[in-house]
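As a plain string of letters, each chain reads:
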Amino acid sequence: MKYMLIKTHSTAAFCDTPIHEWQPEEIQAHIGFQRALGEQLAKSGELVDAQGLADPGQARTVSSDGRSAPVITDGPFPETKEFLAGYWIIDVDSPERAVEIAAQASAAPGPGGKPIGEYIEVRPVMSAPPTEL
Amino acid sequence: MPHTAIEDLLRELAPQVLGALVRRYGDFDAAEDALQEALLAAATQWPAEGLPDNPRGWLIQVGARRLIDAIRADSARRTRETADAIRDPERLGAAAPDPSDAVIATLEERDDTLTLFFLCCHPALSPASAIALTLRAVGGLSTEEIARAFLLPERTMAQRITRAKKRIAEEDRPFAMPSASNGQRGEWNERLDNVLRVLYLIYTEGHTSGGERLRRGDLSSEAIHLARSLSRALPDNPEVTGLLALLLLTDARRAARTGERGELIPLAEQDRGLWDREMIIEGVRLATASVRSGLIGPYQIQAAIAALHAQALRPEDTDWPRILLLYNALERQAPNPMVTLNRAVATAMVHGPQAGLDLTDTLADSLSANHRLDAVRGHLHEMAGDHEEAVACYTAAARHTTSLPERDYLTIRAARLRRP
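Residue numbers (the UniProt record's numbering), protein chains in the order written: chain A, 1 to 133; chain B, 1 to 420.
The following block holds chain B by itself, in its conformation from the complex (with noise of 0.2 Å):
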């Protein structure tokens, strides 16, 4: 087997184990340290002796006979043990399971990637710290990685991540799975909820960041990624294939969606030769499972519009009355001032663009000072033919956007309408 292939699979494999290890013993600093070590021993015998039949028993196996021999040791020792370790692969190569080793067999049954995610994202947890914990520990990143995609001092980031580790600690030791005593609206549920809403955070982080980058390649991939793992240890539940699907629809119009000189292109005016036609596909084919069983919920819904913008060759394809009726039961579900835009320019669709003004006037209050609002109405003023005040909400827009990139689009697209 290559070297690469088993760097995937031990990549793959890495929050399973993390996560059985720490449902098990609940440190998760410890757990972290027994599986770094359980990887190492991976690296080091795998390549030579061939991959044993279970490999996340054995890593399972690895880590736990570390994590128990740590836990009995002071920590003065333990840091000496890891030392060792590292200079003395022999050493690690005595801790390997016996394959034949009956505990194996007990612990293959359950991913534990869930598990990690759930702590993770833990509701004790401000995004932020959910954000670079699951990176760091359901997706691998090295602290550094992650400080770099933020743009942060690396001891900030490491920060973080510790002061997250120790809230949980504090708030879920031992760390109990949430219940799904009450059905739909169970704790389990909230908890998953909570687990989008982080990854959706991590995938938008990287698609619209402020300043100068409007998307950092890396935090985007990530989320997907991510996404993939948590579709695959719940494939049947519609939020998270709505979820993943979403992200892979957004996702697939990356290169179209700036140009040359990094300067912001509208969705009517991307090429849409550029657009990814592989994820595309993958993602239209979730999207329409995850509606399968009706419209529940919002990484559903909005799934589907995402389908329905990514099946239009052309623009003046679009079904706009179809992302009409989808934006109306988003709004019914999670009724929110930025919903309720976007429903005002689908609404302009297919009503004309008065009829998406007079729904925007009722988001003066709620959205006051909002670039998107000034940016939306820029949008139908001009849709109807009123360049002056097109200009003008262009121009509002563009003072209260925070991000350069949409800043620049802003002022060129007043300045397109401005000359005579």
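Same shape as in the complex, but just chain A (with noise of 0.2 Å):
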């Protein structure tokens, strides 16, 4: 079964000083430990898919009416916070091992080296139908 955790731009939970204000070996440190865990998910056969994603500012909300010239917003938005900053797919066998893997994220270093406790959503991925309904 398939999982998508997601994580957005909110602060975590057992830290609100912000990455780019963390001492140069506690980036290095954090970002280690998410190329280790990317490692880890593929060597396990788990991993479909990882993303990060652009920052906000960057963001372009476009709506139309499939007639006239599309209406477009740029970013930034008032909610930084809820904004998709990346995600992970994983194939796993239990929901159990996808709430596993979401804490061990949520672990992540930061400052001093103490996990930052992130918010990870986990949201299962719409499968097909089954045989039969």
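No lab work stands behind these hints, which were simulated from the structure alone.
Since the structure is predicted, the reported quantities are computational estimates derived from the model, not experimental observations.
Worth double-checking, as some hints may not be accurate.
As the list claims (entries may be wrong) - To give a feel for the contact side, a few chain B residues facing chain A, derived at Cβ under 10 Å:
(1) L151
(2) A233
(3) G262
(4) A398
(5) I412
(6) R413
Here a beta-carbon is modelled for each residue, glycine too, at the ideal position from N, C-alpha and C.
Could you use the hints to bring the two separately framed chains together as a complex?
Structure below.
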């Protein structure tokens, strides 16, 4: 079963300091952690895709009636913290395993090497219909 | 002859054979099928019977026969024949040409690699389509390999290639080699420029792709491989030589360009002992050869700049005054804001950071919200000792880049300067 683990720009449970105010070594450790997690999930055969999204300041919102020119709204937007920052798509054997991976991702190191408790949303990906309804 | 040697030879000959078939018969898809059959026949027969006297002529001949058969047959029969041929290698043997065949001699005379490059990098195609088609037809990569390199689903890539072929068939059939009638500025040169651009894009795609991976080794190597075949077909063209030199000199720094955790390491901080000396020697030789007849094109000039960087044993040995002269020449020839930005760096190295910053001021409009402008300004402010401004520029650049490794690099750079 596939799950999407979602990260937003909201602050983490145990850390209010934004990453660009950390010490260089702390930033490096955090990047190293994310990288190792990606490698671990690829090796265990559970990783489908993982992507980080560019800054919300580069976002555009588009709406169209299908006939006239589309309406395009620029970012940034007032509630930046609700913005998607990145995601993993994983293919795992159980919902418990999805939660376990999310917990591991949440405990990424921050200032002083302490886990920051990032909020990770775990969402099942819709699947094909069952063989019989 | 060992199997791997035959495979290498077939890989080298494949684009020439495909080029010859497309040029003579025009149908890209059918020519590709015929090529596959000819390669299969060669792979079956050559190891057992030894190489024919003229391997390329042999392949063209077998391919041409197959193609003519295919053109005559309806598509259903064609599919059946291909399937039969794969099951029954002896039937392919029957199609092999008599080595004394007179046709071979006339076929041998021209290298059709160039024909194929012109076709795949047709101006009617978007760069993405031209890249895919070139990798497939000239590079001999499978659709799956190309899709993987671009992190795209295989079906998407297959469609892209099919549409590209269709587009060419509509646009340019029968295929006509571009004319060189207008001398220097002829159509031929414009078409060649397009080929060079596509090869350069393939390289940079492998070199600095967005997202997780900073480099995808295979695409960079593939671009160099392609530039080598182009250079074999046009050994005396300074821009072709310049492009090959530029790619070699850039790729020579590959191992030094990223750290253990994939982090970016800027030129000035790279361990130059990790640079590939062999590639540098070849690149410098080619770059020198290409400028012998003067500075005529952008690839040649960029290769000369890369050669100067490669020859500096330590960053402080870099011949910045000459690099600045070369950027001046490049800007006169191909003026664009990114060249000016590079010239600003060279200017700062020769005349001090403020002179460089003044030059970047002129780019505020043309490169607004471009992360490179902010990143360069960050470095120049750092050089000038203005850490506060540098941090602001690095932070802005980190916000604007869409490359993850680059964002990490800029964030850490800012954090280092912020530390009291």
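Each hint, compared with the structure:
{"no.": "1", "hint": "L151", "result": "holds, 9 Å"}
{"no.": "2", "hint": "A233", "result": "violated, 40 Å"}
{"no.": "3", "hint": "G262", "result": "holds, 7 Å"}
{"no.": "4", "hint": "A398", "result": "holds, 7 Å"}
{"no.": "5", "hint": "I412", "result": "holds, 5 Å"}
{"no.": "6", "hint": "R413", "result": "holds, 8 Å"}
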